[in-house]
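4 protein chains.
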Amino acid sequence: MNKRIRLGMVGGGQGGFIGAVHRIAARLDDRYELVAGSFSSNPERGDASAAELHVAPERSYANFTEMAEKEAAREDSIEAVSIVTPNHLHYEPTLAFLKAGIHVICDKPVTTTLAEAKALQKAIADSGRLFVLTHNYTGYPMVRQMRAMVQDGLLGKLRHVHVEYAQDWLSQAVEKQGAKGAEWRTDPARAGSGGAIGDIGTHAYNIATFVTGETPSSLLADLSSFVEGRVLDDSANILLRYENGAKGMLWASQVAVGNENHLALRIYGDKGGLEWNHERVNELRYTSYGKPMQTLTRNGSGALAASTRVSRVPSGHPEGYLEGFATIYREAANAIIAARTGAYPDAAVIYPSIKDGIEGLAFIEAAIRSSRNGAVWTEIER
Amino acid sequence: MNKRIRLGMVGGGQGGFIGAVHRIAARLDDRYELVAGSFSSNPERGDASAAELHVAPERSYANFTEMAEKEAAREDSIEAVSIVTPNHLHYEPTLAFLKAGIHVICDKPVTTTLAEAKALQKAIADSGRLFVLTHNYTGYPMVRQMRAMVQDGLLGKLRHVHVEYAQDWLSQAVEKQGAKGAEWRTDPARAGSGGAIGDIGTHAYNIATFVTGETPSSLLADLSSFVEGRVLDDSANILLRYENGAKGMLWASQVAVGNENHLALRIYGDKGGLEWNHERVNELRYTSYGKPMQTLTRNGSGALAASTRVSRVPSGHPEGYLEGFATIYREAANAIIAARTGAYPDAAVIYPSIKDGIEGLAFIEAAIRSSRNGAVWTEIER
Amino acid sequence: MNKRIRLGMVGGGQGGFIGAVHRIAARLDDRYELVAGSFSSNPERGDASAAELHVAPERSYANFTEMAEKEAAREDSIEAVSIVTPNHLHYEPTLAFLKAGIHVICDKPVTTTLAEAKALQKAIADSGRLFVLTHNYTGYPMVRQMRAMVQDGLLGKLRHVHVEYAQDWLSQAVEKQGAKGAEWRTDPARAGSGGAIGDIGTHAYNIATFVTGETPSSLLADLSSFVEGRVLDDSANILLRYENGAKGMLWASQVAVGNENHLALRIYGDKGGLEWNHERVNELRYTSYGKPMQTLTRNGSGALAASTRVSRVPSGHPEGYLEGFATIYREAANAIIAARTGAYPDAAVIYPSIKDGIEGLAFIEAAIRSSRNGAVWTEIER
Amino acid sequence: MNKRIRLGMVGGGQGGFIGAVHRIAARLDDRYELVAGSFSSNPERGDASAAELHVAPERSYANFTEMAEKEAAREDSIEAVSIVTPNHLHYEPTLAFLKAGIHVICDKPVTTTLAEAKALQKAIADSGRLFVLTHNYTGYPMVRQMRAMVQDGLLGKLRHVHVEYAQDWLSQAVEKQGAKGAEWRTDPARAGSGGAIGDIGTHAYNIATFVTGETPSSLLADLSSFVEGRVLDDSANILLRYENGAKGMLWASQVAVGNENHLALRIYGDKGGLEWNHERVNELRYTSYGKPMQTLTRNGSGALAASTRVSRVPSGHPEGYLEGFATIYREAANAIIAARTGAYPDAAVIYPSIKDGIEGLAFIEAAIRSSRNGAVWTEIER
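Chains as they are written, first to last, in UniProt numbering: chain A, 1 to 382; chain B, 1 to 382; chain C, 1 to 382; chain D, 1 to 382.
Quick caveat, the hints were computed from the structure, so don't treat them as lab data.
Watch out, some of these pointers could steer you wrong.
The list makes no distinction among identical chains, and a pair is therefore deemed to hold if it is satisfied within one copy or across any two copies.
As the list claims (entries may be wrong) - Okay, derived cross-link-like pairs now, DMTMM-like style, lysine to aspartate or glutamate, Cα gap no bigger than 20 Å in a straight line:
| no. | residue 1 | residue 2 |
| --- | --- | --- |
| 1 | K176 | D270 |
| 2 | K271 | E175 |
| 3 | K271 | E381 |
| 4 | K271 | E228 |
| 5 | K291 | E279 |
| 6 | K3 | E52 |
| 7 | K157 | E228 |
| 8 | K99 | E52 |
| 9 | K3 | D47 |
| 10 | K122 | E381 |
| 11 | K176 | E66 |
| 12 | K3 | E175 |
| 13 | K157 | E243 |
| 14 | K180 | E379 |
| 15 | K176 | E283 |
| 16 | K3 | D30 |
| 17 | K3 | E33 |
| 18 | K176 | D76 |
| 19 | K355 | D29 |
| 20 | K157 | E214 |
| 21 | K70 | E283 |
These figures come from a predicted structure and were not determined experimentally.
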């Protein structure tokens, strides 16, 4: 009765990083069973991957089209599929599986253009299937905690939103030296028109949006390609303006030497302030105006239900990246189970959806437009 | 060919914490498949747990004796079993499964007395089966890194070993207020003769031993039971002396208000110093005498093979408790696979064994003996 | 022969904060002797202050005009004067003392308009006297260290400049509740046209300029007055562009709840990165591309002469705000001693001058101009 | 009327470190005027030092005996003297100045033996003069804050006292390589019978005693001399037992590579816990049982009068070592002023006295006795 969800995967063959992460995320809470896949555009590599992953040979498909069709025809069809291909290969497979009546869990960004994302939104609505976008950082318990604290009014009226995501692995032209992942991320044909802004800027933007519950109405973006010969941006300095008067700063860089994977969010309202960063992922600093700063911890004193329900081990025992990612899968499972009976999932269940995907692409496109026009104020068109 | 290892479990029924951790750890790297269990002394709860865990009803056993016998008789018998019962229920099941020719993965401490641990050592040798003790903190990549750095001579001749493990969840008599886990841990009949020293002191001792590669010859322990009515120690102040002249201090406390799960190791030799703590589990501070302090990170620059081979995600993406625990299971899997053909596992494979279990009990018993005699210097008898 | 420098002070009477800071700074290294002053516009309070400060009654003056005249006429005239009045009262006294042949040490910002600052520059040149602006954060040893490291090329070609100065003491309308210092700082008549941007934004801008050795050519500023009824800005989100292609982000806020006095600078070039913040004022994090992050400490291993020569106690013994401020006075003393003989001070001597004052006002005025025009790119006119 | 206190100094000639620190400390709050001294056993160096320090030639004395006599005879005699010579030269000068009716401010440890300290106690009582011991770390605002919080009962009944003071500058035999300060500190003839334990262990012990208000009744000390050829201890592992049932651990080391000047205190009672360390000297971490950890800051929210009255700059502006040292001088000045009229100083005034000196030597002697007897429990005889 409490059967695992049968899951397929597109992409994620041998040697890839993000596919392995999705699989661990799916496995961690034991809610899924990987039973089918089209793991690689290279059929041999695809089959070898399937064998390694305990997927039956007959369910190792040459391409996603065949997979969607054949799976849909099986009685024990997959119920959901994870799409973990590079950015430009999200759109078509998603359409195919939705049409086949299969829920889709898709890596971010959802597509390479806003127009595609909107087309997808329509297709999702028409299909009646679930679409889950793995903006994994929203799965961190302390990020959930921040969101709940904002919703509870602990910060009052928002004034400042500061978010940054800095890395240093693209500080040199490693894409020309065969670096894994750097090649397609710096190639407009495969990554889309955004470089750092698409790869990590969207994460920063998404987490700020998720926590504050607000989306900016306009932005001003000064994108740079510091490394010689690089076409796409490798960093972005961005100002944000919100309807309600709050203002923001967003920084994304993949050339900030000394930053391995620095994601940080700080928000301040007239009643309080919150600070969180990836280096201390299980903690949160909260100051109520005029009182001493508190350090709130995952599952510690002061933890709200919104964070404890997505936490697995007691306070003081660190959780990390894989657990946060797994929470997206866990929430997706909750929603899929509910969908079996046509029910809505429990109100507490939260997962990033096509709405987040559209918001992310609206952000990327507005930023690129702003920067190309000389870094001017630009409306975020959704 | 690359089949998952068939795993059974003793203990870990609904509501328990550590059983769930073992299962996630076994699942994370997809090397095991849970197919049998005796999950609870209460048969109904055991069967309900089995159902939840996708274990076939006929392989949900009423007790470990039946389980060992019946599994041994199956063609698709479990190859390994996880024993996750309270301390006093490790010894008998371990013996039973070894006799049945099944590898054992056992929660720590291995037994409640040194004598039992020694008896087990003999039984293990006789059985030719593997015995893996889940001293999970040795699975952290940065703990592996420290060990490798010591072995590489970066610290020179060791002088100071400082290790501490502090919590605060037993600051009051929560064992009388129905607190999960507090009851049996403070009960000599179930926990053995050590309280904090057995529960967390052994972890501290084990990590120091693992990293330094040295075991102290004698210790002096001043144990306390600060909370009124508590029989077992809830904290321990300990001095250590090593053969090679190094000296140590070990502190374990479950009544140190403000410490959620503070495990920290600092070691200093004549050439360098290393500092690590649980709050920043993915980092390590290393100082070579006369040079600036370096922060080494998991998978970052300066990471040695000893740590990268047990790491799953890139630097800057936090790993945590579950990943460390999973590494013990991954290493056990490596050893089990090798054992299928009678081969030794790769030299890089490391897992805590009965030797660590004996060392831990020798430590506990010496500490209790020392404290009862007025906190005097006491040889650690192994 | 090694006589203390005779010093006067304008402003800084009883109850003021910054005057007391200047006096401690002057005293710390025993290079000055306070012998005259016009401490308050209220003569009684001025005389009472003089008495407390061991200043002879006949050298307690009613106003700076009288003070400049009478001191100039004495054989034991003051050699230098500290001007510690609110911003709008810097210009006239400075002119008066320069004319009287007396060196001037002046609190920042130098004036309330760029035009005045430029007029002052001419007057300084004409007078042949020294003018020292107390941009005290440039006195911190680790800030000097960063500057020297940039000059030594350790960062390579600069890409990112991130500087921020956040406080929270103006989060509410405390200027209407009698808060010390808040009244004049939020009053355009006394503070000038900049609020947070003048009070702390200039510090942030100055430290970035000091360390990088670069000044931006243009900026874009989005200033806000979040607190109802406040006329001047209480926060500023600013983008910077440098001639050499580097780009920057500057944030100043006095309404960021939880920030007591957070000043932080991070700079990244193609070879390395540096991070420093006020909370750990005696440390610096330095990463050379591809190597582990190092923590450099004041007077510790790796400290350059540029920082050790302005440090007073061994590494590990914290220095702070007053020591940094005192270094400005120490450097001024070095320059004044050299000036006695018409010599240039030693090349190592560094102090903020009218050039920094002009740069600061150019920054403030450009920021206000930019913001008023809708937060558009604006040339910094000097 | 508010005249500065006339101060003399014994020791502290050119090139010395601690003498300069005492002078800055005396100067910082402008309560003293240095007017006499016997700065060096070498008369020429003494006179040169005097000239540099603006001390009149006739008040530069060849030795402390002459100084005490001649100063006592002057109408404008010094009112207090600072004794900053090596440890073995504290006793005789103190006696001489007390006899001359002059208050004494003396560097720690007060003497090299407990017997001398007790003799001094009698002499002080007989003299009616003040004796201030510069245990400077008790001058830190956050240390004062901790003490007040303990007194206010916020920690409840004390259980754990953990204090440590670790340095690394004696990790090698630098005393044989001409290192300043290392020579006399490692020489029993000049330092007394304690090495690290006397130099820094007493600071650790003193701060723990100051904060908790409790002195241990017994200790057990395992001293080591890790560096070859070193006679005195360079590190000490110590257990403490208090009358009231609390227990402690004290670690002092001058060979812990990577520790520049790490002083840390952690105390835990049944109601709360406090943690403080030198690296973040302006902060304090406080946890009330069951509540989130708070970070209390100097002059920040939650700061008690006990800390704000010895603080000079607003919260967020770091104070450091010199300020803490200056507070000892400020408190001494308060006491000296009160003594002029025979009054007691205000109840809030706190300074370390001969009682602290005796306690410190009782600690050192008990520790050495314990260690020599094989590291056994030893009563602290006072």
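Status of each hint after checking the structure:
1. Only between protomers do K176 and D270 lie at most 20 Å apart by alpha-carbon distance; the minimum there is 17 Å, versus 48 Å within a single protomer.
2. In the homo-oligomer, the alpha carbons of K271 and E175 lie at most 20 Å apart only across protomers (17 Å), although the nearest pairing inside one protomer, at 46 Å, exceeds that limit.
3. For a Cα distance limit of 20 Å, the shortest separation of K271 from E381 qualifies neither inside one copy, at 31 Å, nor across copies, at 38 Å.
4. Within a single copy, K271 and E228 get their C-alpha atoms only as close as 45 Å, which misses the 20 Å cut-off; across copies the closest is 14 Å, which meets it.
5. When the C-alpha separation of K291 and E279 is checked against a cutoff of 20 Å, the pair qualifies only between copies, where the shortest distance is 18 Å, while the shortest distance within a copy is 25 Å.
6. Only between protomers do K3 and E52 lie at most 20 Å apart by alpha-carbon distance; the minimum there is 9 Å, versus 23 Å within a single protomer.
7. Taking the closest pair of Cα atoms, K157 and E228 come within 20 Å of each other only across two copies (12 Å); inside a single copy the shortest separation is 43 Å, beyond that limit.
8. Taking the shortest Cα distances, K99 and E52 never come within 20 Å of each other, neither inside one copy (29 Å) nor across copies (32 Å).
9. In the homo-oligomer, the alpha carbons of K3 and D47 lie at most 20 Å apart only across protomers (16 Å), although the nearest pairing inside one protomer, at 26 Å, exceeds that limit.
10. For the identical chains of this complex, K122 and E381 are intra-copy neighbours only, at 17 Å inside a copy versus 52 Å across copies, given an alpha-carbon limit of 20 Å.
11. Neither within a single protomer nor between protomers do K176 and E66 lie at most 20 Å apart by alpha-carbon distance, with minima of 34 Å and 61 Å respectively.
12. In this assembly of identical chains, the alpha carbons of K3 and E175 never lie at most 20 Å apart, being 43 Å within a copy and 37 Å across copies at closest.
13. When the C-alpha separation of K157 and E243 is checked against a cutoff of 20 Å, the pair qualifies only within one copy, where the shortest distance is 12 Å, while the shortest distance between copies is 38 Å.
14. Proximity of K180 and E379 under a CA criterion of 20 Å is satisfied in neither setting, with 35 Å inside one chain copy and 41 Å between copies.
15. Within a single copy, K176 and E283 get their C-alpha atoms no closer than 38 Å, and across copies no closer than 30 Å, so neither meets the 20 Å cut-off.
16. Taking identical chains as interchangeable, the C-alpha atoms of K3 and D30 lie at most 20 Å apart whether they share a chain (10 Å) or sit on different chains (18 Å).
17. When the C-alpha separation of K3 and E33 is checked against a cutoff of 20 Å, the pair qualifies both within a copy, at 9 Å, and between copies, at 15 Å.
18. Neither within a single protomer nor between protomers do K176 and D76 lie at most 20 Å apart by alpha-carbon distance, with minima of 45 Å and 51 Å respectively.
19. In this homomeric assembly, K355 and D29 never come within 20 Å of each other (Cα to Cα): the closest approach is 26 Å inside a single copy and 32 Å across copies.
20. Only within a single protomer do K157 and E214 lie at most 20 Å apart by alpha-carbon distance; the minimum there is 12 Å, versus 37 Å between protomers.
21. Taking the closest pair of Cα atoms, K70 and E283 never come within 20 Å of each other, the shortest separation being 46 Å inside a single copy and 47 Å across copies.
Of the numbered hints given earlier, the model fails hints 3, 8, 11, 12, 14, 15, 18, 19, 21; all others are met.
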